[in-house]
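Residue numbering for the sequence shown follows my numbering, beginning at 46 and increasing consecutively.
A few of these clues could be false.
Unchecked claim - Calculated cross-link-like contacts (lysine to aspartate or glutamate; reagent style DMTMM-like; alpha-carbon spacing at most 20 Å):
1) Lys99 to Asp186
2) Lys134 to Glu160
3) Lys99 to Glu136
As the list claims (entries may be wrong) - Ranges of calculated distance between the beta carbons of each label pair, as one might list FRET restraints:
4) Thr83 to Asp186: 46 to 56 Å
5) Thr83 to Ala171: 20 to 30 Å
6) Asp97 to Trp152: 15 to 25 Å
7) Asn80 to Thr133: 17 to 27 Å
8) Val166 to Asp97: 31 to 41 Å
9) Thr83 to Phe185: 47 to 57 Å
10) Met135 to Glu170: 46 to 56 Å
11) Glu187 to Leu138: 48 to 58 Å
12) Thr115 to Arg182: 37 to 47 Å
13) Leu173 to Asp142: 28 to 38 Å
14) Leu131 to Asn81: 16 to 26 Å
15) Lys134 to Ser104: 19 to 29 Å
16) Ser148 to Gly128: 14 to 24 Å
17) Thr83 to Glu136: 19 to 29 Å
If you're looking for bench data, these hints aren't it; they were derived computationally from the structure.
Positions of the beta carbon are idealized from the N, C-alpha and C atoms, including for glycine.
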Amino acid sequence: MKLETASLTANQNSHRPLTIDDFQPNTSLAAVYYNNGTPNLVRIHDDITLFDLKRRLNSILHFREQRKVTEIMYRRPSVCTDGTVLFTKMELLTDDDVRTMFSIFTWYMTKGPIELDATLVRSIEAILSNMIPKRRRRTFDEIAALMVKPRKDEEAKVEP
46 MKLETASLTA NQNSHRPLTI DDFQPNTSLA AVYYNNGTPN LVRIHDDITL FDLKRRLNSI
106 LHFREQRKVT EIMYRRPSVC TDGTVLFTKM ELLTDDDVRT MFSIFTWYMT KGPIELDATL
166 VRSIEAILSN MIPKRRRRTF DEIAALMVKP RKDEEAKVEP
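Sequences and hints are given; from them, build the entire structure.
If you want it as structure tokens, here you go:
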């Protein structure tokens, strides 16, 4: 499986590919699944707010992309009695939820990224701007002008 990677610090406005060896203090690696698609690896700061996290995830999208992140779900790990790990989705609604996510992540995970599901939607304005404009109805004279009377040689070729 190919993972697309990107990184953005507070001082940069562009993307830079991540490698496994990259280390930035006070950050965690996150795998972001946009609308359940393929994961994108991203470094996020441990003290990020929910607003900045949404803005960060929006910045990873292609600049022509008109969709925006509206909802972020954290795949919260839980260890069962038999040792298996189950993931429960936890919606991030406040900054406290984001801090809780980092707390849970540091408690359970020693390897692997934070897993996030990001829901993308288009604004009504973006949808309307991409729609084909409504055409006005043609008048009888315009339709008649488009009609061409067949020539005599074309009439002979037509078979019943």
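Against the structure, the hints come out as follows:
1. Lys99 to Asp186: Not OK: lysine 99 and aspartate 186 at ~55 Å, beyond 20 Å, violated.
2. Lys134 to Glu160: Holds, because 10 Å separates the two Cα atoms, which is no more than 20 Å.
3. Lys99 to Glu136: holds (13 Å)
4. Thr83 to Asp186: 46 to 56 Å: Check passed, 55 Å falls within 46 to 56 Å.
5. Thr83 to Ala171: 20 to 30 Å: holds (23 Å)
6. Asp97 to Trp152: 15 to 25 Å: holds (23 Å)
7. Asn80 to Thr133: 17 to 27 Å: holds (20 Å)
8. Val166 to Asp97: 31 to 41 Å: Roughly 20 Å apart at Cβ, these two residues miss the hinted range, so it is violated.
9. Thr83 to Phe185: 47 to 57 Å: Given about 54 Å between the Cβ atoms, the range holds.
10. Met135 to Glu170: 46 to 56 Å: Given range 46 to 56 Å: violated, Cβ gap about 31 Å.
11. Glu187 to Leu138: 48 to 58 Å: Roughly 56 Å apart at Cβ, these two residues keep to the hinted range, so it holds.
12. Thr115 to Arg182: 37 to 47 Å: holds (38 Å)
13. Leu173 to Asp142: 28 to 38 Å: holds (33 Å)
14. Leu131 to Asn81: 16 to 26 Å: holds (18 Å)
15. Lys134 to Ser104: 19 to 29 Å: holds (24 Å)
16. Ser148 to Gly128: 14 to 24 Å: Since the Cβ atoms of serine 148 and glycine 128 sit about 22 Å apart, the hinted range of 14 to 24 Å holds.
17. Thr83 to Glu136: 19 to 29 Å: Hint holds: Cβ distance 22 Å, inside 19 to 29 Å.
Hint compliance for this structure: hints 1, 8, 10 are not met, and every other hint is.
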